Amino acid sequence: MKKLVFKLIFAFVVLPLSIAGSIYYLNRVGFFNVEKIEVVLEGVVPGQEPFLKPLTDNLVAALNSRKGVSLWDIQLKGISQDVGALGWVESSLVKRSWPSTLSVKVHPYEVKLLHIGKNSQLTPIIEDGSF
1 MKKLVFKLIF
11 AFVVLPLSIA
21 GSIYYLNRVG
31 FFNVEKIEVV
41 LEGVVPGQEP
51 FLKPLTDNLV
61 AALNSRKGVS
71 LWDIQLKGIS
81 QDVGALGWVE
91 SSLVKRSWPS
101 TLSVKVHPYE
111 VKLLHIGKNS
121 QLTPIIEDGS
131 F
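Heads up, the sequence shown is in the numbering used here, so the first residue is 1 and it goes up one at a time.
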């Protein structure tokens, strides 16, 4: 009977506390801090990548403010709403890639037309007619 009680105490108290304590310690020393931000474009029509590159670079620059923050503390819903609010993003998926990567998959609107502006600058126009 005593062996069973010790096994149960170990299985339901000691082991979970040691796992939780290890995760807490690793979080405190920065093991889960974001070191890499990965932005992946999905569903892009071939040939449109060069027009989306500056927009993707701006997105990465905006997300760089989250480097050094623990993955446990990052609010994925807030990041998803911020990314979804960008005019060129049709849909997005934000997820944690343990131990230290924030992954953002973006499905941009399809570029329907290119507007040639002053200084021969190309401006992509998406499905709904916006820039």
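It is possible that part of the hints are untrue.
No farther apart than 16 Å at their CA atoms in a straight line, the calculated lysine to aspartate or glutamate pairs in the EDC-like style are these [stated by the list, open to error]: (1) K95 <-> E110; (2) K95 <-> E49; (3) K53 <-> E38; (4) K67 <-> E90; (5) K2 <-> D82; (6) K112 <-> D82; (7) K95 <-> E35; (8) K67 <-> E127; (9) K105 <-> E90; (10) K36 <-> E49; (11) K105 <-> D73; (12) K77 <-> E35; (13) K53 <-> E42; (14) K112 <-> D57; (15) K53 <-> E110; (16) K95 <-> D73; (17) K112 <-> E35; (18) K67 <-> E35; (19) K67 <-> E38; (20) K67 <-> E110.
Listed next, with one range per pair, are the computed distances between beta-carbon atoms [what the hints assert, rightly or not]: (21) R66 <-> T123: 50 to 58 Å; (22) Q81 <-> L122: 27 to 35 Å; (23) R96 <-> L122: 47 to 55 Å; (24) L26 <-> L76: 16 to 24 Å; (25) R66 <-> E42: 42 to 50 Å; (26) R96 <-> K118: 14 to 22 Å; (27) S22 <-> Q121: 30 to 38 Å; (28) Y24 <-> Q121: 15 to 23 Å; (29) L26 <-> K3: 52 to 60 Å; (30) A20 <-> R66: 48 to 56 Å; (31) L26 <-> P50: 34 to 42 Å; (32) S65 <-> V45: 42 to 50 Å; (33) L114 <-> R28: 17 to 25 Å.
Just so you know, these hints were derived from the structure itself, not from any lab. These numbers were taken from a predicted model, which means no experiment stands behind them. We treat Cβ as the ideally placed atom computed from N, Cα and C, and that holds for glycine.
Against the structure, the hints come out as follows:
{"no.": "1", "hint": "K95 <-> E110", "verdict": "violated, 24 Å"}
{"no.": "2", "hint": "K95 <-> E49", "verdict": "violated, 23 Å"}
{"no.": "3", "hint": "K53 <-> E38", "verdict": "holds, 14 Å"}
{"no.": "4", "hint": "K67 <-> E90", "verdict": "violated, 25 Å"}
{"no.": "5", "hint": "K2 <-> D82", "verdict": "violated, 56 Å"}
{"no.": "6", "hint": "K112 <-> D82", "verdict": "violated, 24 Å"}
{"no.": "7", "hint": "K95 <-> E35", "verdict": "holds, 14 Å"}
{"no.": "8", "hint": "K67 <-> E127", "verdict": "violated, 33 Å"}
{"no.": "9", "hint": "K105 <-> E90", "verdict": "holds, 11 Å"}
{"no.": "10", "hint": "K36 <-> E49", "verdict": "violated, 22 Å"}
{"no.": "11", "hint": "K105 <-> D73", "verdict": "violated, 20 Å"}
{"no.": "12", "hint": "K77 <-> E35", "verdict": "violated, 20 Å"}
{"no.": "13", "hint": "K53 <-> E42", "verdict": "holds, 13 Å"}
{"no.": "14", "hint": "K112 <-> D57", "verdict": "violated, 21 Å"}
{"no.": "15", "hint": "K53 <-> E110", "verdict": "holds, 14 Å"}
{"no.": "16", "hint": "K95 <-> D73", "verdict": "holds, 13 Å"}
{"no.": "17", "hint": "K112 <-> E35", "verdict": "violated, 36 Å"}
{"no.": "18", "hint": "K67 <-> E35", "verdict": "holds, 6 Å"}
{"no.": "19", "hint": "K67 <-> E38", "verdict": "holds, 12 Å"}
{"no.": "20", "hint": "K67 <-> E110", "verdict": "violated, 30 Å"}
{"no.": "21", "hint": "R66 <-> T123: 50 to 58 Å", "verdict": "violated, 29 Å"}
{"no.": "22", "hint": "Q81 <-> L122: 27 to 35 Å", "verdict": "holds, 29 Å"}
{"no.": "23", "hint": "R96 <-> L122: 47 to 55 Å", "verdict": "violated, 36 Å"}
{"no.": "24", "hint": "L26 <-> L76: 16 to 24 Å", "verdict": "holds, 20 Å"}
{"no.": "25", "hint": "R66 <-> E42: 42 to 50 Å", "verdict": "violated, 21 Å"}
{"no.": "26", "hint": "R96 <-> K118: 14 to 22 Å", "verdict": "violated, 43 Å"}
{"no.": "27", "hint": "S22 <-> Q121: 30 to 38 Å", "verdict": "violated, 54 Å"}
{"no.": "28", "hint": "Y24 <-> Q121: 15 to 23 Å", "verdict": "violated, 52 Å"}
{"no.": "29", "hint": "L26 <-> K3: 52 to 60 Å", "verdict": "violated, 33 Å"}
{"no.": "30", "hint": "A20 <-> R66: 48 to 56 Å", "verdict": "violated, 25 Å"}
{"no.": "31", "hint": "L26 <-> P50: 34 to 42 Å", "verdict": "holds, 41 Å"}
{"no.": "32", "hint": "S65 <-> V45: 42 to 50 Å", "verdict": "violated, 30 Å"}
{"no.": "33", "hint": "L114 <-> R28: 17 to 25 Å", "verdict": "violated, 51 Å"}
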